[in-house]
Amino acid sequence: MKAYLLPFIGAFIVFGIVFFALDFYMMKLQGLPLIYHP
Amino acid sequence: MLTRNIRITCGAFLLAVFAMFMLSAFMPAANASEAAATASTAVPDAAAPATKAIFPPAPKLTEADYPSIKGVNARVVVWLVAQLHLWFGAFVVAVPMFVFIIEAIGMATREQRYDKMAYEFIKVTITAYSLTALLGGLLSFCLILFYPDLFQYLALIFKESMFAYALLFFAESAVLYIYYYGWHWLQGGNKKWVHLTLGLLLNAFGLLLMFLANAWTTFMMSPAALDAAGVFNGDTWAAIHNFLWNPINLHRTVANVAYGGSIVGAYAAFKFLSAKNKEERAHYDWMGYNANFIAIGALLPLPFAGYYLTAEMYAYSQQMGITLMGGVFAWIFIIQAVLIGALFLSANYYLWCGMGRSEGAHRYNHWIKYIAVVLVVSFLVWFTPHTLVLTNSELKDLGGPYHKYLGVLGIMPAKNTAVNFLILFTYLSFMFYRRSNKFVTVSWAKVGNAAQVALFVAGSINITILGVYHGYFTNTVIKIAASIPQVLTTLVIIIVSVIIDALMYKGAKDVAPLRWGRMPPRSQYALFLLAVSFTWLMGLMGYVRSGIRQHWHVYNMFRDGSPDAFTPGLDYVANIVSIGTIIFMAMVIFVFWLSTVSGKHVVSKGYWKEQQA
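Residue numbers (this note's numbering), protein chains in the order written: chain A, 1 to 38; chain B, 39 to 651.
It is possible that some hints are incorrect.
The calculated lysine-lysine pairs, modelled on BS3-like cross-linking and capped at a C-alpha distance of 27 Å, are [what the hints assert, rightly or not]:
#	chain 1	residue 1	chain 2	residue 2
1	B	K476	A	K2
2	B	K476	B	K407
3	B	K108	B	K98
4	B	K484	A	K2
From the structure, some residues in chain B lie toward chain A, with a derived Cβ separation under 8 Å [said to hold, decoys possible]:
#	residue
5	L224
6	N513
7	I516
The following label-pair restraints were derived from C-beta to C-beta distances [stated by the list, open to error]:
#	chain 1	residue 1	chain 2	residue 2	range
8	A	P33	B	V232	35 to 43 Å
9	B	I533	A	I13	13 to 21 Å
10	A	L29	B	I537	20 to 28 Å
11	B	V480	A	I17	20 to 28 Å
12	A	P33	B	V480	39 to 47 Å
13	A	I13	B	V515	29 to 37 Å
14	A	Y36	B	F628	53 to 61 Å
15	B	T348	A	I17	47 to 55 Å
16	A	Y36	B	I107	56 to 64 Å
17	B	L444	A	I17	29 to 37 Å
18	B	S431	A	I17	52 to 60 Å
19	A	L29	B	I533	45 to 53 Å
The set of hints was computed from the structure by calculation and includes no laboratory data. Where is the CB? At the ideal position from N, CA and C, for every residue including glycine.
Based on the provided sequences and hints, a complete structural model is requested.
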């Protein structure tokens, strides 16, 4: 189980950052914030 | 080999995505309708050369200007003939694209089965090509007969491109016949390269023809270089390079590949079901698998190309966009959603059945039910309507036009999220299919699998956040903008997963040889369903694309004065498109039957005189 869990957590953090950066950058390219401020 | 196929498909996929972003750079200004208005008020340059062609204004027609034939409804005839021409046209433009790729794969691997399959694909195209030309001729006659003023108006603007189209058609025919009849002649060494080059030329001519015809269509939707009276004051390129030309070019190219794949898949299914022995069954099973692979490969990016086209329609004219998705046509999108769902379900079902070819599939079979649940839930969300057609009492019972719980699923953020999951889990089905017959041998397999799971989980969470938070708790601008990272998340998951999988399964061992032909007959009906759904879908959405011009021949410029200048009811539309689909499928079965007949050789003993030596 450990053989799967640690790589999973590591990869999840890496991909999480990648997707967050993707969202942030794509919204920025369109001149918009990632978090909505009414 | 599968890895090679995946690489090629991914390359094409990436190019298509790249093209989607690049094409916008060549587009006219985003505020196109305003730009058109500015252009329309432009005074022709007095210093312009005297030789410049003078175009007439858009005619103001009455019912008397439309010739009629007793008992014939001009609109229905032109509608059906144009649609049949388009179905066959899409097929014959698409098939040479993947025939070229399959032939190249055969050359690279030196496996003759690829060459044979490519030849069989192009063989089916030959009869379809004749039918396309015949229907194109019939369409021209119908337009000249029933809509002479419109035809004349467009022919004057597009005279150069129409002439070029006719010449290109000759060139395409010549190349196609040399390509097909010279297949067995141009074999081996440099000759094979000559043959492959002919295939490339065939594709270039086919695509050029389609792009030219697309320009005539899109000019009617987003006219360019017209003044307020409809007088054309530009050159050929201005007319061709109108606002919606590139979005349609991209959408039709990708859609045609998916459609072509589905039709040859139906051909393979037809041959599989009528196979006389194991070898034939194995061959057509393999052919059907490849056709389905092509259809799915092109189907995955298709919703994005469609989304791009729709966004451009809104950018061109908000009124057109709202008519498209917020007015009477919106309900056709619900039917579209049902058909697209049917496409995804049948493609997945075929893959799941295909896992039966492998002895190692039992390791993945238990996952299929979970994939099925996600696909069905996504499918249900995908076709949940926003508003319902209700009686007063039903409206009262419901407490308004929107359902208390399901109403939220009727808007685009829910649809976008659903379609991204449909695509992701279809890819997952394919990944399991691919893995089912392999034993992984790399030492880092556990790490690789964990990374794959993490990729899917993180990506799915991101898609859900973008769909739910940005879709429901922000404003409209952010809601629409968030669909782009959502799409890109799906693309990133697929591309990264393909890379990890390719590295993990490099040098992997087969569990056992794949048992081609070990497929239940019901799996072949999934291939038929794919072809019929595609055909019906193209017919319906083709009507929508044309119908959003409403009572205009050329949008906002040239009014339709015929008795049929109204938007028909949805039941009427569905009936006409269904009739067209039935006629088309009957013609396709005729094409399949012809290809079967051409392979038969009956020896009639005693009929012919004995030849004297």
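For each hint, the structure was consulted:
The suggested pairing of K476/B with K2/A holds, with an alpha-carbon distance near 24 Å, which does not exceed 27 Å. The hinted pair formed by K476/B and K407/B meets the criterion: a straight-line CA distance of about 21 Å does not exceed 27 Å. For the proposed pair K108/B and K98/B, the alpha carbon gap of about 24 Å is at most 27 Å, so the pair holds. Restraint check: the Cα-Cα separation between K484/B and K2/A comes to about 10 Å, which is no more than 27 Å; the hinted pair holds.
Interface hint at L224/B: violated, since its Cβ lies 47 Å from the closest Cβ of chain A, which is beyond the 8 Å cut-off. Checking N513/B against chain A: minimum C-beta separation of about 7 Å stays under 8 Å; hint holds. For I516/B, the interface hint holds, since its Cβ comes within 8 Å of a Cβ in chain A; the closest pair sits about 6 Å apart. At about 57 Å, the beta-carbon gap between P33/A and V232/B misses the expected band of 35 to 43 Å.
Checked against the hint of 13 to 21 Å, the pair I533/B and I13/A passes, with Cβ atoms roughly 20 Å apart. As the Cβ distance of L29/A to I537/B is approximately 25 Å, the hint placing it in 20 to 28 Å holds. Judged by the Cβ atoms, the range 20 to 28 Å given for V480/B and I17/A holds: they are separated by roughly 26 Å. Separation of P33/A from V480/B is about 43 Å and conforms to the stated range, judged on CB atoms against 39 to 47 Å.
The beta-carbon spacing between I13/A and V515/B, approximately 31 Å, falls within the hinted interval of 29 to 37 Å. The hinted range of 53 to 61 Å is satisfied by Y36/A and F628/B, whose Cβ atoms lie roughly 57 Å apart. Checked against the hint of 47 to 55 Å, the pair T348/B and I17/A fails, with Cβ atoms roughly 32 Å apart. For Y36/A and I107/B, the Cβ-Cβ distance of about 60 Å falls inside the hinted range of 56 to 64 Å, so the restraint holds.
Checked against the given bound of 29 to 37 Å, the beta carbons of L444/B and I17/A, roughly 35 Å apart, stay inside it. The supplied range of 52 to 60 Å is met by S431/B and I17/A, whose beta-carbon atoms lie about 54 Å from each other. In this structure the hint that L29/A and I533/B lie 45 to 53 Å apart at CB is violated, the actual value being about 19 Å.
Hint check: violations occur at hints 5, 8, 15, 19; the rest are consistent with the structure.
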